[in-house]
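Novice: The hints should help you fit chain B onto chain A, whose structure is shown.
Chain by chain, the residues run as shown.
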Amino acid sequence: MPVIVAENISKKYIIDHQRKSGAPSLRDIVTEKVDKLFSRKQGNSDFAEKEEFWALRDVNFSIDQGDRIGIVGHNGAGKSTLLKILSRITEPTTGQIKIDGRIASLLEVGTGFHPELTGRENIFLNGAILGMAKSEIRQSFDAIVDFAGVEKFLDTPVKRYSSGMYVRLGFAIAAHLNPEILIVDEVLAVGDTEFQKKCLGKMRDVSESGRTLLFVSHNLTAIQALCNKSFYFEKGMLIDQGETTHIVTNYLSKVSHKTLEKHWDNIDNAPGNDQVRVKRFKLFPEYQDDLNHIDVRTPINFQFEFWNLVEGASLNLSMHLYTFTGECIFNVGTQAETFSKGLVSGVCEIPGHFLNDGSYVVSMMIVKDTSTVLYNMEEALIFDIEDYRENVTWYGKWPGYIRPQLNFSIRQTEHVVND
Amino acid sequence: MASQHSITIKAGGSEKDYWKDLWLNRQLLWILSKRDISVRYKQTLLGVAWSVLRPIMTMTVMVFVFSYLAKVKSDPGVPYPLMVLSGLTIWTFFSNTFTQISSSILINSNLVSKVYFPRLLMPLSSIAVGFVDFLITFGIFLIMTIFFRQPISWHIVFLPCFILLTFITSLGFGLFFAALNVRFRDIGQLIPFLVQVGMYAVPVAYSSTLAQGTWFEKYYNLNPLVGIIDGFRWCLLGDKAYFNPQSLYSTTIISFVILILSLIYFRKKENTFVDHI
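Chains A and B are the protein sequences, given in the same order. Just so you know, we're using our numbering here: the first sequence kicks off at 1 and counts up by one. Just so you know, we're using our numbering here: the second sequence kicks off at 1001 and counts up by one.
This is chain A alone, in the form it adopts within the complex (with noise of 0.2 Å):
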C-alpha cells in the first residue's frame, strides 16, 4: 500500500541577478521600480536580470509502506528541495504529494535547542516542535537520555555542551519520535563513528518496524547498508529509481571521473564571490609524470590559487579529503595570516605511503578570521589511486581508506632450544 504517492512535483524558485545576498531592502525595490519606468519609457527592457531556477521538475514517485528510501545525486540535485516539499517547510510551485501517516522530518540535529537552556528544558522544547506529545516526551525521557549518554549534564545549558553531546542529545530525541514515516537528512555527517553506528542502527529499528523511511545522504555505504530502493536525482529530475545496490552502482558511474586540475583565468568569471575568487586548482604526484596511474607510494602535491579581492584580509584554507562514497578521512588547515589584493597560492602534500588504493575527493574552503568560510568549492579535485604491492603474496582488496607505512616490525625475542 503506498503511503507516498507525489504527482508531477515542480519548485521554481526566482534568483534575481542584481541582489548580492540576503533580503531586498525597500530601497532596492523602490530603485528597481524606477529603473523598470525609464527603461521602458525607452522602450529596451535590460530588464531580464531575473531568472527562473527549477529546483524540481515533474517528479512522480509513490513509496510503500516500509520501504527505506535512499536519495542520492550531486549537490543541487533538488534532494533537500524535495525534503522540504513533504516536510511542509515549503510549498511545491506545481503537482501535488498525497501523505498517509505521521510524517516527521529530521533535517537538522537539534533543531531550535536554545543554548540557554538545559538539556532536560530542550528536550522538552525539542520534542515538542518536532510533533511530540508532553506525555510521549515524558514516556521517553529515559530512553533518550540513556542514548545521548548525557545524564550527568541534563541541568547544564546546553552552550556548556562539548559538540558531539549537542549532536547525541539532539538525534537522541529524533529517534524516539515513533512517526509512521521518517524523513531524515544527512545528519549522519557529524558525530563520531560510534555514534553514527548508533544513529544507523536506530533507523533499521524504525524500517524493521514496518515504518517508512526516506534518507538523503552523501555517504552512499550508509545507504546501501540501510536502504532498501534508492532515488537518483540530477538537476531536479528524477532519472532513475529502483534497487539500492542498481541505483548507486549507476550514479558512480554517472559521476564525471578524475578532476584533477580546474583553472580560470578570468577573474570576472572565475567561481567565487566579491571578496575571493578561485584561480586554481591542480594536484601532481611528486615522482611521475603520469597523471593517470598514481601509486599507493607516490607522495601528492595539491596547490590551490585564488584572488584575495579584499585588502588586509586574514585568510585561510581549510581542506577536506573524502572517500569517493562520502565519507571524510580528515580535514586539514592552514595557519590564518593576512594578505593584501592579489592571487594567494597554497600547498598541501599527502605523503606517499599514505592513502589507499580507491577514488578520492577534495573539497576547499577559504576561511575568513579562521570563523567564517567566504567560499566551499566541493569535489573540487578528483582521483585515483593505483594499488602497487611488492613482497606480498595477498592480492585482495587492501582494507581501510589508507595504508600507512608504519614503523611496525617483528623479531624474535627468546628461542627455545630443543634438546
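Just so you know, the hints here were simulated from the structure itself, not pulled from any lab data. All C-beta atoms, glycine included, are put in the ideal place defined by N, C-alpha and C. Be aware that one or more of the hints could be misleading.
Pulled from the structure, derived: some chain B residues nowhere near chain A, Cβ distances all over 12 Å [what the hints assert, rightly or not]:
| hint | residue |
| --- | --- |
| 1 | Ala1049 |
| 2 | Phe1131 |
| 3 | Ile1146 |
| 4 | Gln1212 |
| 5 | Gly1213 |
Derived pair list, reagent style SDA-like, types lysine to any residue, alpha-carbon separation capped at 20 Å [stated by the list, open to error]:
| hint | chain 1 | residue 1 | chain 2 | residue 2 |
| --- | --- | --- | --- | --- |
| 6 | A | Lys258 | A | Gly164 |
| 7 | A | Lys159 | B | Arg1040 |
| 8 | A | Lys12 | B | Lys1268 |
The calculated label-pair distances, taken between Cβ atoms and stated as ranges, are [what the hints assert, rightly or not]:
| hint | chain 1 | residue 1 | chain 2 | residue 2 | range |
| --- | --- | --- | --- | --- | --- |
| 9 | A | Val373 | B | Ser1038 | 49 to 55 Å |
| 10 | A | Lys341 | B | Lys1016 | 55 to 61 Å |
| 11 | A | Asn178 | B | Leu1142 | 45 to 51 Å |
| 12 | A | Glu379 | B | Lys1016 | 39 to 45 Å |
| 13 | B | Ser1109 | A | Thr372 | 15 to 21 Å |
Specialist: For chain B alone, kept in the frame of chain A given last:
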C-alpha cells in the same frame, strides 16, 4: 491508524486544516512561550528586577519632564504619577508585544527553515513575555495607588476587555509587520522609531482632554490606542479619568478590521517565508 494523519501537499493547499493544525499544536505554543520567558533574563545581573526597574524609571523621568518642567496637567483629582503609570502600563504592553510579534518570524528563522508548524504560533508565543511584564507593571501600579491613597474603581471589572483589545491591536499591527519584515529588513529599523513616536501620539504623558475641540480631534480618535489607553485608565481610576465611551465603537471596529486584514496578509505570505529567509 494511518488514515487520521493523511494530508495532501500542493501549492496553496494548506488552507483547509490550518486552524485545526494550530489547535493541535497548542502545546508547542505553551512551550515556546515558556522558552521566551525563561531565557529572558539569563546572564543578566539584575534579572527580573529589570521588569520592575524599567517602568519605575520611565515614570520618574516622565513625571519630572512633563509635570515638573513642562507643567502638563492631569485630569482633576488624579495624581499625575498615577496617570502616567497607568498609561505607561498598557502602552508598554502594546509596544512590547507589537515589537516582539514583528520580529518573531525572523528571530525564529532557524525553525522556519527546518520544521513545519503553523507559522502563526511564533507571533502568538511572543506575546507571553510582554504579558508577564504587563502583570509586573500592573502590580507596581496597584502598590502606587495605595501610596497615593487612591481607591481602585469598580470599573476594574471591565479591565479584561481592554487588555483583550490591546492584544488584538498589537497582533493586528504586529502580524502585518512580521510578514513584511521577512521580505524587507527595513522594518527592523522602522519599528523602534514607530514605537518611540507612537508614545507621544497617544495619551500616556497627557490627558486626551487636551485634544478636545482641536481640528485634529477626529483623526486623533481614529487611533485605537487612544480609546484603549483612556479606557484602561477609566477602569482603574474611575470617572475622574477622562474617557469617551463613544470612542469604544471605533476602537473595536478598527482593531478588528486591522487584525483580519493582517491575518489574511500573513496567511498569504507564510508559506513562502522560508524562501526569503
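Novice: Could you run down the list of hints and mark each one as holding or not?
Specialist: Comparing the hints with the structure gives:
| no. | hint | result |
| --- | --- | --- |
| 1 | Ala1049 | holds, 18 Å |
| 2 | Phe1131 | holds, 20 Å |
| 3 | Ile1146 | holds, 37 Å |
| 4 | Gln1212 | holds, 38 Å |
| 5 | Gly1213 | holds, 39 Å |
| 6 | Lys258(A) / Gly164(A) | violated, 34 Å |
| 7 | Lys159(A) / Arg1040(B) | holds, 16 Å |
| 8 | Lys12(A) / Lys1268(B) | holds, 18 Å |
| 9 | Val373(A) / Ser1038(B): 49 to 55 Å | violated, 33 Å |
| 10 | Lys341(A) / Lys1016(B): 55 to 61 Å | holds, 57 Å |
| 11 | Asn178(A) / Leu1142(B): 45 to 51 Å | holds, 48 Å |
| 12 | Glu379(A) / Lys1016(B): 39 to 45 Å | holds, 43 Å |
| 13 | Ser1109(B) / Thr372(A): 15 to 21 Å | holds, 18 Å |
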